[in-house]
Amino acid sequence: MFIVLKPSMIVILRIPTINDYSSDFIKLFKLREQVEKCKGIEVIFDFSKCGFLRQNAVAFIGGLARLINHYGGQAKFSWDTMQNNIRANLVRNGFMAAFGGEVSGYFGNSIPYRQDICGDIDDSISDVMTYLDDQWLGRSWVNIDPFTKDEVVQTVLELYRNAFEYGDSPVGIFTCGQHYPNIRQLKLSIVDFGIGIPHNIRLHLQKESLLASDALQWAFQKGNTTRQCVPGGNGLDMVTLKRFVSNKKGRINIYSNDGQIIIAPAKNEIYQSTPIFFKGTMINISIQCN
Amino acid sequence: MIYIRVYDLCHENCIAQKHATALHEIIHAELHAGRKVELDFAGTRRFLTIFFNLAVGQLYRDIPADVIERSLKVTNLEDLGQRVYLDAIDSAKLYYNDSEYRKAVDSVNAEEELACA
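Going down the list, the sequences are from chains A and B. Those letters in the first sequence? Residues 1 to 290, by the working numbering. Those letters in the second sequence? Residues 1 to 117, by the working numbering.
Chain A with its partners taken away, still in its complex shape:
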């Protein structure tokens, strides 16, 4: 669907228009599947069929490029195939600069693209906290009192902390966000290309047949953790996440392996299986602006 083989083992990966509906996440996970088949070869990202890229796609594609390099191949971007609006956005959010392209000091409505290598977790968490404070919630897009801001940042930091500690992503964690003034929403996407939550839980519980939806439910129960050296919860109980979405009329979607969780205000959380397996975890957070 997205892939074109050229002579001398160069692969063209065609990026479609990507929004952040469920079907768009499936498109991203299919791209990941294609990359798994392209180990050790040159991959060119082609945007000629792409009319729009949301922040989830930006974070994801950045991670895919690093993954291609990690697999011994070479990721290249065909910047000339991009429509002007996409190009401008990728300049503003720093994506192009991260991959040797144009640099801009003007962010506009973008929350910068970033990559965190899983090195010293304390340092990474501290850097991420500054990013969330300054770039996500610190730009007057959301009217938020200091207590709620602390609570929101703390909750998202718990998500990062778990990704760093359990994700086992060979290339790190990728983040990008965007303020959409027309729909009054602030969005942030976080993705890793590690083993995924259900896989981790199945290993821990020694239940290979455990459904992804059940594994995710286990992972988000208070006190449950796969951490071995220090017993205690992982800070990701559903009560906390639901309080988070209620506070800011937000929504959290978590995709991992063959499962997903949807957390929306005034609704019970939904645990579902997905029709495609994604080796990694993707978190999409939306909060309502004033």
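Fair warning: there could be bad hints in the mix.
[Said to hold, decoys possible] If you want the ones that stay clear, here's a sample from chain A, every Cβ over 12 angstroms from chain B, calculated: (1) E42; (2) N69; (3) D80; (4) N85; (5) P112; (6) N162; (7) I270.
[Unchecked claim] Below 30 angstroms or equal to it, Euclidean Cα-Cα: the simulated DSS-like pairs (lysine-lysine) are: (8) A:K30 <-> A:K149; (9) A:K207 <-> B:K93; (10) A:K242 <-> A:K76; (11) A:K279 <-> B:K73; (12) B:K73 <-> A:K149; (13) B:K93 <-> B:K36; (14) A:K49 <-> A:K37; (15) A:K222 <-> B:K18; (16) B:K18 <-> B:K93; (17) B:K93 <-> A:K279; (18) A:K242 <-> A:K207; (19) B:K36 <-> A:K242; (20) A:K279 <-> A:K37; (21) A:K37 <-> A:K76; (22) A:K207 <-> A:K149; (23) A:K149 <-> B:K18; (24) A:K267 <-> A:K27; (25) A:K76 <-> A:K207; (26) A:K149 <-> A:K222; (27) B:K18 <-> B:K36; (28) A:K267 <-> A:K39.
Hints are computed from structural coordinates only; laboratory data are not their basis. Keep in mind that this is a model prediction, so the values were computed, not measured. Where a beta carbon is used, it is the ideal one built from N, C-alpha and C, also for glycine.
With chain A fixed as given, assemble chain B onto it according to the hints.
Just chain B, lined up with the frame of chain A:
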């Protein structure tokens, strides 16, 4: 009683593993020696579960719960921190004080280690 101002070690954010471990070593030594400890959280704002798991939760490994409750005084911990602190303590108590629960968790962990070996 030994008084520890957490802010001096962590500043506003109780999120770093290295700070939690340092704190744990001090508290553990003091409680083990039969002395009391006051942990003053004045000025702190943000907290991660791992911080309390490491700093305090681990105490329940070899110090009885009633001794910890009698000898460790936590002061000036705001609501946000209280919530995370209590979660971490509840989990630690469940693990270290409930032998059936601990056996179940340990057997899973042992199988996992074997499977990964």
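Hints versus structure:
With a least CB separation of 35 angstroms from chain B, E42 (chain A) remains clear of the 12 angstroms interface cut-off, as annotated. The non-interface label for N69 (chain A) is consistent with chain B: the shortest C-beta to C-beta separation is roughly 27 angstroms, beyond 12 angstroms. Look at D80 (chain A): its CB is around 43 angstroms from the nearest CB on chain B, clear of 12 angstroms, so calling it non-interface holds up. The Cβ of N85 (chain A) sits about 37 angstroms from the closest Cβ of chain B, beyond the 12 angstroms cut-off, so the non-interface label holds.
Interface exclusion of P112 (chain A) from chain B stands, the closest Cβ pair being 21 angstroms apart, more than 12 angstroms. Not every beta carbon of chain B lies more than 12 angstroms from that of N162 (chain A), the smallest distance being close to 9 angstroms; the non-interface claim is violated. Distance check on I270 (chain A): its Cβ is at least 24 angstroms (rounded) from any Cβ of chain B, clearing the 12 angstroms threshold; non-interface status holds. Taking the CA atoms of K30 (chain A) and K149 (chain A), the gap is about 35 angstroms. The hint is violated against a cut of 30 angstroms.
Distance hint between K207 (chain A) and K93 (chain B) is fulfilled; the C-alpha atoms sit about 26 angstroms from each other, no more than 30 angstroms. Simply put, K242 (chain A) and K76 (chain A) have alpha-carbon atoms about 40 angstroms apart, too far for the 30 angstroms limit, and the pair is violated. Restraint check for K279 (chain A) and K73 (chain B): not satisfied, since their Cα atoms lie roughly 45 angstroms apart, outside the 30 angstroms limit. Our distance criterion of 30 angstroms between C-alpha atoms is met by K73 (chain B) and K149 (chain A), whose separation comes to about 28 angstroms.
The straight-line distance between the Cα atoms of K93 (chain B) and K36 (chain B) is roughly 20 angstroms, inside the 30 angstroms bound, and the hint therefore holds. Distance hint between K49 (chain A) and K37 (chain A) is fulfilled; the C-alpha atoms sit about 22 angstroms from each other, no more than 30 angstroms. Straight-line distance between C-alpha atoms of K222 (chain A) and K18 (chain B) comes to about 24 angstroms, which keeps the hinted pair within the 30 angstroms bound. Proximity of K18 (chain B) to K93 (chain B) is assessed by CA-CA distance (about 23 angstroms); at most 30 angstroms being required, the pair is judged to hold.
Our distance criterion of 30 angstroms between C-alpha atoms is broken by K93 (chain B) and K279 (chain A), whose separation comes to about 35 angstroms. At most 30 angstroms may separate the alpha-carbon atoms for a hinted pair to count; K242 (chain A) and K207 (chain A) meet this at roughly 28 angstroms. Restraint check: the Cα-Cα separation between K36 (chain B) and K242 (chain A) comes to about 38 angstroms, which exceeds 30 angstroms; the hinted pair is violated. Restraint check for K279 (chain A) and K37 (chain A): the C-alpha separation of about 13 angstroms stays at or below 30 angstroms, so the hint holds.
For the hint pairing K37 (chain A) with K76 (chain A), the CA-to-CA distance comes to about 16 angstroms; that is within 30 angstroms, so the pair holds. Annotation: proposed proximity of K207 (chain A) to K149 (chain A) is violated, straight-line Cα distance about 38 angstroms (limit 30 angstroms). Taking the CA atoms of K149 (chain A) and K18 (chain B), the gap is near 25 angstroms; set against the 30 angstroms cutoff, the hint holds. A threshold of 30 angstroms between alpha carbons decides the hint, and for K267 (chain A) with K27 (chain A) the separation of about 27 angstroms falls inside it, so the pair holds.
With a CA separation close to 40 angstroms, the supplied pair K76 (chain A) and K207 (chain A) exceeds the 30 angstroms bound. Simply put, K149 (chain A) and K222 (chain A) have alpha-carbon atoms about 22 angstroms apart, close enough for the 30 angstroms limit, and the pair holds. Simply put, K18 (chain B) and K36 (chain B) have alpha-carbon atoms about 23 angstroms apart, close enough for the 30 angstroms limit, and the pair holds. A distance of roughly 42 angstroms separates the Cα atoms of K267 (chain A) and K39 (chain A); the hinted pair therefore is violated under the 30 angstroms criterion.
Figure legend: structure checked against the earlier numbered hints; hints not met, in rising order: 6, 8, 10, 11, 17, 19, 22, 25, 28.
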